[in-house]
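**Q** Read top to bottom, the protein sequences are chains A and B. Its first residue numbered 1, the first sequence is counted upward by one per residue in my numbering. Its first residue numbered 1, the second sequence is counted upward by one per residue in my numbering.
Zero decoy hints are in this set.
Interface residues of chain A toward chain B, partial, derived using beta-carbon atoms under 10 Å:
#1 A83
#2 F99
#3 I227
#4 P238
#5 N267
#6 T279
#7 M286
#8 L416
In silico SDA-like cross-links for lysine to any residue, where the CA-CA straight-line distance does not exceed 20 Å:
#9 A:K266 - A:E43
#10 A:K266 - A:R104
#11 A:K365 - A:L24
#12 A:K266 - B:F81
#13 A:K266 - B:Y83
#14 A:K266 - B:E87
#15 B:K13 - A:W418
#16 A:K472 - A:Y417
#17 A:K105 - A:V413
#18 B:K78 - A:G45
#19 A:K266 - B:P85
#20 A:K28 - A:S41
#21 B:K78 - A:F47
#22 A:K266 - B:I14
#23 B:K78 - A:H272
Hints in this document: simulated from the structure, not taken from any laboratory. Backbone N, C-alpha and C define an ideal beta-carbon position, used for all residues, glycine too.
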Amino acid sequence: MNWAVVVPLIIFFFIIFGAGFWSLRFVKKSNQFLHEYFLGSRELGGFVLAMTMIATYGSASSFIGGPGAAYTQGLGWVLLAMAQVATGYFVLMVLGKKFAIYARKYDAVTLIDFLRMRYANSRGVVFISAASIIIFLFSAMVAQWVGGARLIESLTGLEYTTALFIFAVTVLIYVIIGGFRAVALTDMIQGIVMVFGTLIILIGTIVAGGGISAIITDLATENPNLISPFGHDGGLTPAYVSSFWILVGVGVLALPQVAVRAMSYKNARSMHRALIVGTCVVGFIMLGMHLIGVFARPVMPGIDVPDKVMPLITMEVLPPWLAGMVLAAPLAAIMSTVDSLLLIVSSAVVKDIYLNYINPDAEEKRVRRMSLWVTSLLGVAIFTAALSPPDLLIWMNLFAFGGLQSAFIWPIVMGLYWEGANKYGAITSMLTGIISYACIHNLYPHMLGVHTVVFPVIFSFMTFIIASWLGKEKELRPLKSA
Amino acid sequence: MSRDSNQKDPRFKIANREALIGVGVVLINFGWWYGFAYGLGSGSVEEYTYVFGFPAWFFYSCIVGFVVMVILVIIVVKYFFTYVPFEVNQSENESEGGQE
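Excised from the complex, chain A in its bound form:
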C-alpha cells in the first residue's frame, strides 16, 4: 500500500467525520427534527450554499467520467462541459426568491412538499414524484458509489469490495448522525478541496506536458480533431453539444437534490452571495477538470479505461504526498453527491410517503428513529447493488439526471410562474416526461442529432399547458364549494 497517498486520505476522512459530529449537536438540540435533519433549519449562508450546490452537482461524472471523456474527445468535450457555467447562476436566479418564499409559506421541507401544496394536495403528484425520485436517484447513487469505490481501489490497492465498504460506511455515518447540516458542511469542505485539487492537478499536468503550447501542438500532431470543437472523430456536432445546455445547464434546476437547496438559504443576501461564488467556482472546476483530461493525453498516452485518467494522471504528475491530498478532491466530489442523494431519497420515503399517507400523526421520536433507519437501510441496499458494478459510469448517471429533469422541470417552473398551472397539467407532464425519456433513450438515442433529454422536455411542456387548460374547469368547482 502506498502510505504517502493513503495518509492524507485518512486525514480527510477524519475531518469529514468531525463535521458530522459537530452537526449532531444541532440535530439533538432542534425541536423541529424534520427541518433540521432534512433542511438544516434553513440557515445556510451564501458561501456554504454555493459550495453545497456545486459539490452536490459536481459528481463522479464531472471528476471521473468527464475528464475521461475529455481525454478521448479532446477540447470539444471541454466546450460541452462549459455549458455547466450556467448552473452556477441559473438555478438560483430562476428558483430564487419565489421558491424560498413559497417554501416558507407552505412550510415545505422537501421538493415534494412544495409540489403537493402547490397542486392542491394531489396524491397523483406526490406518488409520481416520490416514485421517480426513489427510482432515478437510487440508480444515480449506485453509479456514484461504484465511482467512489473504484477510486479508493486504485489509490490504495485494496480490493473493490473492501473499498466499497469503507466508502459506504464513511458516507452513511456522517449522513445518519448529522443530516442536512452535516451534508452541507462536508460539502463545503469538499468543495474547497475540489477547487484546490483542480488547480494543483492542472498546474502539475501543464508542467509535465511542457507548457500549454507544447501540449496543444502534441494533440494536433496526434489528431487535429482533438483541438477542434468537433471531437476526435468529428462526432460532436453543434446540435448535440448545444443540447447539453438543457441537460447540464438549465435543466439542473429540476434536480430534487439541487432544488431543495434553494429552500435552505437563510436570506436574500446569502442567495446573492451564493450566485457570485457559485458561478466562479463551478466554472473554474469544470474548465480545470476537463482541461486536465485533455492535457493528460500527451503526458500519459494510451490509457484504455477513461475512468482511470484522473487518478493515474495525478499520481504521475504530483509527488505522492500531494497526490494523496488532491485525490481527496474527486473522492470529495463523489461523497458530497452521494450524501445529498441519500438524504433526498430518505426524505421522500419518510416525509413524503410515510408522514403524508401512512402515519400522519407519528410522534417526533418515531420520526427520528424512522429517518435513521430508512437512511441506513438505503445505504445497505445501494451497497448490495454496487457490488456488481455496471461499466459506464457517466451514462448511468446522466440517465438518472435526464429522467428527473423530464419529470420535474415544468411542475416546478410553471408552478412558480404560471397562475394557470394545476395538478392535471403537473401529473400529465411528469408522466409524459418520464415515459418519453425512457422510450427515446432506449429506441432513438440522439434523435435528430440532439441529446435524449431535449424532446421529453418539449413534450412535457406541451402536455402541461394542454392538460392544465383542459383541467381548469374541473379544478374551479371544488374550490368554489370549499
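For chain A, the structure is supplied; the task is to place chain B on it using the hints.
**A** Frame of chain A, contents of chain B only:
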C-alpha cells in the same frame, strides 16, 4: 390561500423580474459560447490562430466566456437584484394586511 394574495405580494414582482433576468443572462451566455466556438473553430485546424497556446476559438469561447459571465453575474446581482425578506410574518407586516 387564494391566488389573489399571491399576485399582490410585492415580493413576487421582484422575484419574477429576477427570474427573467436569469433567462436573459443564460441566453447571452449561450450566444457568446456558441458564437466564438463555432464562429472561430469551424475552419480547418491548420488555419487556427492561437492565444496563450490555446486555439483562439477555445480561448474566447470557454476561457474569456467564463470570465465575462462572472463579471456579468456580479453586475446583475449588485445593481439589479433587490433584497427581500423571506419570512411569512415579515411579509404580512409589510403588505396592506388581510393576507391569507
